[in-house]
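S.K.: Each chain is listed here by its residues.
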Amino acid sequence: MQDAGSQALSEALRSSFVIVKIAMVGLIFAILGAGFFTVGPQEKAVVLRFGKPIGEGQKMLLGAGLHWSLPYPVDEVVRIPIAEIQKVTSTIGWYATTPEMELAGTEPPPGPSLNPMIDGYVITADRNIIHARTTVSYHIDDPRTAIFNFTSGTNHGFNIGGVSNAVLNAANNALILTAARFNVDDILTRNFAGFQDAIQQRVDQLVEQEHLGVSIDQCQVECIPPRQLKDIFAQVITARQNYDKLINDAQSKTNQILNEASAQATSITNAAESTRIRFVTGVESDAEAFTKLLPRYKADPRLFAQMELAKAMTRILTNVQEKMFLPERADGKPRELRLLLNREPPGQKSGANP
Amino acid sequence: MKKNLITIIIAAVLVVIFALLLFTFQVRQSEVAVLTTFGKPGDKNIDRPSLYFKWPWPIQKVYRFDERVQNFEDKYSENYLADGSIVVSSVYVGWRISDAKEFFPKFTDGSVSAAQLQLEAMLRSAKAAVIGNHNLSDFVNVDSSKLKLEQIEDEIKTTVQKELAAQNYGMSIEFLGIKKLGLPESVTQTVFDRMKSERQKYISEAQYQGEAEATKIKSAAERQAADITANAQAAATRIQGEGVAEAAKTLTTFQENPELAVFQLQLEALKNSLNQKSTLIFDERTPPFSLFQNLPTNAPAK
Numbered sequence: 225m226q227d228a229g230s231q232a233l234s235e236a237l238r239s240s241f242v243i244v245k246i247a248m249v250g251l252i253f254a255i256l257g258a259g260f261f262t263v264g265p266q267e268k269a270v271v272l273r274f275g276k277p278i279g280e281g282q283k284m285l286l287g288a289g290l291h292w293s294l295p296y297p298v299d300e301v302v303r304i305p306i307a308e309i310q311k312v313t314s315t316i317g318w319y320a321t322t323p324e325m326e327l328a329g330t331e332p333p334p335g336p337s338l339n340p341m342i343d344g345y346v347i348t349a350d351r352n353i354i355h356a357r358t359t360v361s362y363h364i365d366d367p368r369t370a371i372f373n374f375t376s377g378t379n380h381g382f383n384i385g386g387v388s389n390a391v392l393n394a395a396n397n398a399l400i401l402t403a404a405r406f407n408v409d410d411i412l413t414r415n416f417a418g419f420q421d422a423i424q425q426r427v428d429q430l431v432e433q434e435h436l437g438v439s440i441d442q443c444q445v446e447c448i449p450p451r452q453l454k455d456i457f458a459q460v461i462t463a464r465q466n467y468d469k470l471i472n473d474a475q476s477k478t479n480q481i482l483n484e485a486s487a488q489a490t491s492i493t494n495a496a497e498s499t500r501i502r503f504v505t506g507v508e509s510d511a512e513a514f515t516k517l518l519p520r521y522k523a524d525p526r527l528f529a530q531m532e533l534a535k536a537m538t539r540i541l542t543n544v545q546e547k548m549f550l551p552e553r554a555d556g557k558p559r560e561l562r563l564l565l566n567r568e569p570p571g572q573k574s575g576a577n578p
Numbered sequence: 113m114k115k116n117l118i119t120i121i122i123a124a125v126l127v128v129i130f131a132l133l134l135f136t137f138q139v140r141q142s143e144v145a146v147l148t149t150f151g152k153p154g155d156k157n158i159d160r161p162s163l164y165f166k167w168p169w170p171i172q173k174v175y176r177f178d179e180r181v182q183n184f185e186d187k188y189s190e191n192y193l194a195d196g197s198i199v200v201s202s203v204y205v206g207w208r209i210s211d212a213k214e215f216f217p218k219f220t221d222g223s224v225s226a227a228q229l230q231l232e233a234m235l236r237s238a239k240a241a242v243i244g245n246h247n248l249s250d251f252v253n254v255d256s257s258k259l260k261l262e263q264i265e266d267e268i269k270t271t272v273q274k275e276l277a278a279q280n281y282g283m284s285i286e287f288l289g290i291k292k293l294g295l296p297e298s299v300t301q302t303v304f305d306r307m308k309s310e311r312q313k314y315i316s317e318a319q320y321q322g323e324a325e326a327t328k329i330k331s332a333a334e335r336q337a338a339d340i341t342a343n344a345q346a347a348a349t350r351i352q353g354e355g356v357a358e359a360a361k362t363l364t365t366f367q368e369n370p371e372l373a374v375f376q377l378q379l380e381a382l383k384n385s386l387n388q389k390s391t392l393i394f395d396e397r398t399p400p401f402s403l404f405q406n407l408p409t410n411a412p413a414k
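So the sequence lines, in the order shown, correspond to chains R and P.
Count along the first sequence starting at 1, add 224, and that's the number in our numbering.
Count along the second sequence starting at 1, add 112, and that's the number in our numbering.
Chain P with its partners taken away, still in its complex shape (with noise of 0.2 angstroms):
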């Protein structure tokens, strides 16, 4: 008795599990699921995570979705721009299943990568129809006021939403942005020439800039230089007219006895001239010398 117990327990847990297997299903976090009958799609979303009834298979089945930001990008490709030139360009979407039960019956089986060529094709056409309509300036300008990038990833989402509302995808864009941009081989070394001629012309400006300031920083230096000497001989020539108008008060004690005063000076000149290198002749008239007159002296034979 005891191991039919046993047995029946056993049997009844394994077709508990099997009964669950074959009648329920798990809808996860994250996760939407889609239920057809018979093959056709349910009219329901079925995203709250739960575990949920079903009749098993053929009756029913279960698609599961995940309903979270998926990253997509496309292929880096050449678009013409309205003023002829070319761009190279790759964008990246962050896109979501957001309504399964209508994106599960577009694509067989409700496969992504199906999705993923639909949303490539949809995001070559926006690309081509937006960049088609500005120039090379909107994408680089020193004036970042121009700068019109953010718009055309804007332009870009926008269309793509609209195909997909249209078509009723169930598929939303969430963001888009640019990932890569470039210019055609041909065009980076046209770029690499200018870009080499204007780094010549900073040299040359760098030369001969440099010797033009140092040249001006000098001479303006050498101007001022000579401003300060003359500054100073004028204010030396002022002192000297100082000294002699400070002389000039004590000049007129001289004047009480011009005669003294001219002897004074004549004396001093006298003894200033004869200071150095010089050689008098005398005669017995001159003093101190006229003391020798009528002295004895080697006076020649009579």
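Pulled out of the complex, with its shape left as it was, chain R reads as follows (with noise of 0.2 angstroms):
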């Protein structure tokens, strides 16, 4: 009995066994088939064995493809991102909002001041007050450098939240210190474009001087007058277009009156020129018609006169209104005429005493 009890119990063992061996073989088999990983292309990783990076320098980095490490705690795949653009928006400098309002278009409502506590903003050169906000797009460029040097916490984990920070902070930083140096007035509109790349230059310097192993892309900076001043500052664009446009009027005025001028000029001169030439043919004319009846005039001056005399009377005649002939009285006695002056226009008789 006890026999057949303990092979039973053997035969069981043995085949529980049997599980046991798949079972761990089939562990073995998973365990080292989840080594396997895939880096993508937007990416580097590294790979811990027992916490030292596997290679030196530049072959501590596998680039994209599928690649295998031993399980964790041997081995650990640190992955970081290369080429992928970060983006950080500073901290400081703007007013006191929620991403919500941001998206939904509103705004808390501004107070009469600003608490330094609540609202940030930044000062300007010539002491005004303005809001600034600057969103810095970046990439790691020395992946080694940005993981392995910096760290966001006391996790000691691997990963870009401490670059990431020191972005951050260089792109406040860089706010503060760029508004210091540059006038309202350059910043909001003169100048706007130089105090975008004075603001980057300054980060640039920043993440050179910290060591950062990253390269930034673009800063793009967002500034506005404080809201409690919005209007006022509205007004000085206004009038500042208005000025503009009262130049350009008074500009546009100026060429209507020179181009007035100068066409009244030429035809001042064109009048001119017309008269003299019809002056000179006229005398012209009159010369070489003098020079026809000179040996006319010679040769008879008093018949030459009173044949040109007749000719023109009968033009005048002609071209004469009225013409009233009045002959001798029989008797001889002289006639009295007296006229109505300021007569009527032509079409009435006037009174002659006869």
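It is worth saying that the hints were derived from the structure and are not from the lab.
A couple of the hints might just be wrong.
To be verified - Each pair of labels, with its calculated beta carbon distance range: (1) P:R236 / R:H380: 25 to 35 angstroms; (2) P:K187 / R:A288: 36 to 46 angstroms; (3) R:L294 / P:K187: 39 to 49 angstroms; (4) R:H380 / P:I129: 21 to 31 angstroms; (5) R:L327 / P:E190: 28 to 38 angstroms; (6) P:Y175 / R:K276: 14 to 24 angstroms; (7) R:L327 / P:I129: 48 to 58 angstroms; (8) R:L294 / P:D211: 31 to 41 angstroms; (9) P:A338 / R:T359: 22 to 32 angstroms; (10) P:E334 / R:N415: 36 to 46 angstroms; (11) P:A324 / R:N494: 32 to 42 angstroms; (12) P:R160 / R:L294: 13 to 23 angstroms.
This structure is a prediction, so every number in the text was calculated from the model and none was measured.
Note that CB positions come from ideal geometry on N, CA and C, so glycine has one too.
Using the hints, build the complex out of the two chains.
M.R.: This is the structure we're talking about:
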């Protein structure tokens, strides 16, 4: 009886051992299989074996593709995003608002002044106050520096949090230091591009000095006057636009005046010219006629004169409007003639005393 | 027998693992470890990543620290400037544990948050000292050559670094910068008032200057136009004169016989004056009406 019992027990144990063996083999395969990992095209990976990176220098970084590592805690895979654009937005310098309000396009009501504990702002070179913020786009240039030199906390993890914090504070610092060098009108309107460039220069400088291992792609900057003064700032812009308009109008009036004067001048000189030509030509033709008449005149001046006069009379008489012929009185006495001057326009006869 | 072999192997593996846990420790990349023997910290900073041997607790204990640069920011707080004005500021610091074996005993169990409290206190006094030595014109100035912001950052950093070295905390400051800068709320009110009046001044300026400029431009234009016209008049006169001079040459022709010339002119004058709206009264003596002399007419009855 005992034999059968112990035999049955050993049978059971044997079969369960087989299952356990199979399970253990399967487990080993699973663990080893889990060691496969892929690295994406925008990443690099470092494998830490017992905490030490495998490979030296550039070979430490694994590129895109399929790789294998031993399971944790022997090996640890650290992924680092390369070339992928990271963005941080400055946390100082803007009035207090929430992301929900930003999306909705609303804002909390402005108070009478700015509480430095709640609202952010920057001070400009000419001691004005404005709100400014910047979004810095950067990517990791030197992955080993970025991951292994900076930490974001005390969890000993490997991520880009540390470097991201450093870039964020570089952005904050750049806003303050750059605003302190520019006047408010230059920042808001006249030289905004210069201001934006200067901010990027300062961020670049800090990134360089602090050896962050990143490269700045772009700094997008936004600036507004304090909301409490929004209206009066807008009024200045309007006033300046009006000024520009007045000057433009004056200048186009100038053009108009000068064009008119020029045209008038031309017509004056043209008229003088044509008068001159007419005069000269007239005199010349008179001289020509004179020369032709001279021989006849010299031949018989009196006859000539009378003939010319008679000819002239013909023409005159046809043109004269009213002709009155007063024959001599039969008795030879002189006539008395009375004329009514300031007569009505032609059409009416005058009265003449017979 | 086979059963025993497997058991032995499994047991051996378990023992090895256990031994590893007890007798070794791993230092990872970017970590630095300090080994304490019976509570007394060792004299080495173990920072090369690798697997190391140690005696198990309570003989030896391992403390691990992140030796990377950490970001710390102090509280946004007020400080007096040399000229009596107040500025509110906050700085950010990139610091790291540079000497773990010195760092560890200074703070309970090498706590980083305790270290940060210490750093906060040091920053507070350094800021007060440095800011108290500067004026507001060092912080904001229209003449950017007079700005001393970077110098102020350097001064605060150096002050804290000196203090850390003096206390031998095993910490180092990699970089320090101004994170936030502001003025007390009452001062911002004054600034707003000044900004408002400045804007008002610009508005009036633009108005008055605009009108003055426009007037100036227009009168300059009118002056110029008058010049142009005057020049044209002068030119016209000159042209006329040229005409007369040219005609004068021709006029010599008339000098041959002035009487005829005069007669022609008189004849012309006669023709032109009697061109329109003229009334002529003749008697019989005027030709051609002289033809009517002694002609039979309606003579009055005698």
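S.K.: Kindly confirm whether 22 to 32 angstroms is satisfied by the beta carbon distance between A338 of chain P and T359 of chain R.
M.R.: violated, 59 angstroms
S.K.: Between A324 of chain P and N494 of chain R, does the C-beta distance stay in 32 to 42 angstroms?
M.R.: With a Cβ separation near 38 angstroms, A324 of chain P and N494 of chain R satisfy 32 to 42 angstroms, so the hint holds.
S.K.: Between L294 of chain R and D211 of chain P, is the Cβ distance one that fits in 31 to 41 angstroms?
M.R.: holds, 33 angstroms
S.K.: Determine whether the Cβ-Cβ distance between H380 of chain R and I129 of chain P falls within the hinted range of 21 to 31 angstroms.
M.R.: holds, 22 angstroms
S.K.: State, for the Cβ atoms of L327 of chain R and E190 of chain P, whether the hinted interval 28 to 38 angstroms holds or is violated.
M.R.: holds, 34 angstroms
S.K.: Indicate whether the distance between the beta carbons of R160 of chain P and L294 of chain R respects the range 13 to 23 angstroms.
M.R.: With Cβ atoms ~20 angstroms apart, the hint holds.
S.K.: The hint says 14 to 24 angstroms between Y175 of chain P and K276 of chain R; measuring C-beta to C-beta, is that right?
M.R.: holds, 19 angstroms
S.K.: Indicate whether the distance between the beta carbons of L294 of chain R and K187 of chain P respects the range 39 to 49 angstroms.
M.R.: The hint (39 to 49 angstroms, Cβ to Cβ) holds, given that L294 of chain R and K187 of chain P are roughly 46 angstroms apart.
S.K.: Take the C-beta atom of K187 of chain P and the C-beta atom of A288 of chain R, compute their distance, and say whether it sits inside 36 to 46 angstroms.
M.R.: holds, 45 angstroms
S.K.: Taking the beta carbons of R236 of chain P and H380 of chain R, is their distance inside 25 to 35 angstroms?
M.R.: At 29 angstroms between Cβs, range holds.
S.K.: The hint says 36 to 46 angstroms between E334 of chain P and N415 of chain R; measuring C-beta to C-beta, is that right?
M.R.: Given range 36 to 46 angstroms: holds, Cβ gap about 37 angstroms.
S.K.: Lying within 48 to 58 angstroms: is that true of the beta-carbon distance L327 of chain R to I129 of chain P?
M.R.: holds, 53 angstroms
In summary, the structure is inconsistent with hint 9 from the numbered list given earlier, while agreeing with all the others.
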